[in-house]
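A.B. asks: Listed here are the chains, written in short residue letters.
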Amino acid sequence: MEYASIEREIHVEATPEVVYEVISTPEHLQEWWPDEAELEPVPGATGVITFGDRSSPDANVVPLTVLEADPPRRFSFRWAYDQGDVATSTNSFLVTFDLVPAGAGTLLMLKETGFREQGWEAAVLEEHYRDHVTGWDFFLPRLVTYVDRLVSTP
Amino acid sequence: MSVAIDDDLWSAVGDPTRRRMLDLLLTDGAGTATTLSQHLPVTRQAVAKHLGVLDRVGLVRVTPSGRERLYEVDEAQFARAVAQLSSVGAAWDARLNRIKRIAEAIQRSQDG
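Read top to bottom, the protein sequences are chains A and B.
First residue of the first sequence: 1, per the working numbering; consecutive thereafter.
First residue of the second sequence: 1001, per the working numbering; consecutive thereafter.
It is worth saying that the hints were derived from the structure and are not from the lab.
For clarity, every value in this text was computed on a predicted model and none was experimentally measured.
Even glycine gets a Cβ: it sits at the ideal position worked out from N, Cα and C.
Treat the hints with caution; some may be incorrect.
A few chain A positions that, by computed beta-carbon distances, are all more than 10 Å from chain B [claimed, not checked]: (1) H11; (2) A14; (3) V48; (4) P57; (5) G84; (6) S89; (7) G103.
Derived coverage of chain A by chain B (criterion: at least 3 residues anywhere in the stretch with Cβ under 8 Å from a Cβ of chain B; other residues may be distant) [stated by the list, open to error]: (8) 17 to 23; (9) 30 to 43; (10) 107 to 113.
Computed Cβ-Cβ distance ranges for the label pairs, DEER-style [stated by the list, open to error]: (11) B:R1101 - A:K111: 37 to 45 Å; (12) A:P71 - B:R1108: 31 to 39 Å; (13) A:T113 - B:V1042: 46 to 54 Å; (14) A:D58 - B:R1067: 46 to 54 Å; (15) A:P57 - B:R1067: 49 to 57 Å; (16) B:D1111 - A:Q30: 43 to 51 Å; (17) B:G1052 - A:R73: 20 to 28 Å; (18) B:R1044 - A:M109: 24 to 32 Å; (19) A:G44 - B:R1080: 39 to 47 Å; (20) B:R1056 - A:S89: 28 to 36 Å.
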């Protein structure tokens, strides 16, 4: 099993307490990620996040297990293992949010690790692409445009 | 999760030997089963088999060259594979931006 990770950080003009609420409570989670979230933000709790309409057979129901819930500093969970399994380091993605006070706001740091095959292959491909082709310069502006469009969508 | 991933494309690049082959082809511009096998710890026959897998998913293009077949990376398909990865990162960028927007709205309402 090989691993890779995605790391991101973003400055938020809100206190760590507010940001922690947004990343960890179901009512807010479903505003920024799945269509529905059912979980208790306490260590060891298991829940599900649902993509799509839950009453539809096409809905994608994904299990999630909270690992650390340390307000307002850290929230971490494993997700995307098979339903009915117990989340482990080899069958799931680990998402960790770290919150650090920064001025009046918060530096929110995200790390997602434990990619199973497809994520890792993708990461390796990306490295190759960056090394050998100028294409990254082509893709990055397009990504920014894409993200801006998502963000500006009400 | 909502990003459609082409399973065949991913399994094609899921093998370390094939990834090294793509790497070599990108570096050198083109190669044959013979030239690639000189840089890899596998036989020419094994390389030819791997090239067949890459060819089937469109990651390489093949042209006859004398008694050999010359392989090049298909940049459009390769870019597609890369774009699928980028979408994983972009998905998190989009999520974080939404977190930011929600948290800042809550903060403003608390301060106001």
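A.B. asks: State for each hint whether it applies.
C.D. replies: Against the structure, the hints:
1. H11: 8 Å, violated
2. A14: 4 Å, violated
3. V48: 12 Å, holds
4. P57: Consistent with the label, A:P57 stays out of reach of chain B, its closest Cβ about 16 Å off (over 10 Å).
5. G84: 18 Å, holds
6. S89: 19 Å, holds
7. G103: 13 Å, holds
8. 17 to 23: Coverage by chain B holds for the region 17 to 23 of chain A (5 residues, Cβ < 8 Å).
9. 30 to 43: Answer holds; 4 residues pass the 8 Å Cβ test.
10. 107 to 113: As far as the region 107 to 113 of chain A goes, the hint holds, because 3 residues have Cβ atoms under 8 Å from chain B.
11. B:R1101 - A:K111: 37 to 45 Å: Distance hint for B:R1101, A:K111 is violated at roughly 21 Å.
12. A:P71 - B:R1108: 31 to 39 Å: This hint is violated: roughly 21 Å between Cβ atoms.
13. A:T113 - B:V1042: 46 to 54 Å: 30 Å, violated
14. A:D58 - B:R1067: 46 to 54 Å: At roughly 51 Å between Cβ atoms, B:R1067 and A:D58 fall inside 46 to 54 Å, so the hint holds.
15. A:P57 - B:R1067: 49 to 57 Å: 54 Å, holds
16. B:D1111 - A:Q30: 43 to 51 Å: Violated, since B:D1111 and A:Q30 (Cβ atoms, about 25 Å apart) do not stay within the stated range.
17. B:G1052 - A:R73: 20 to 28 Å: About 52 Å separates the Cβ atoms of B:G1052 and A:R73, which means 20 to 28 Å is violated.
18. B:R1044 - A:M109: 24 to 32 Å: 48 Å, violated
19. A:G44 - B:R1080: 39 to 47 Å: Once the Cβ atoms are compared, 40 Å apart, the range 39 to 47 Å for B:R1080 and A:G44 holds.
20. B:R1056 - A:S89: 28 to 36 Å: Check passed, 33 Å falls within 28 to 36 Å.
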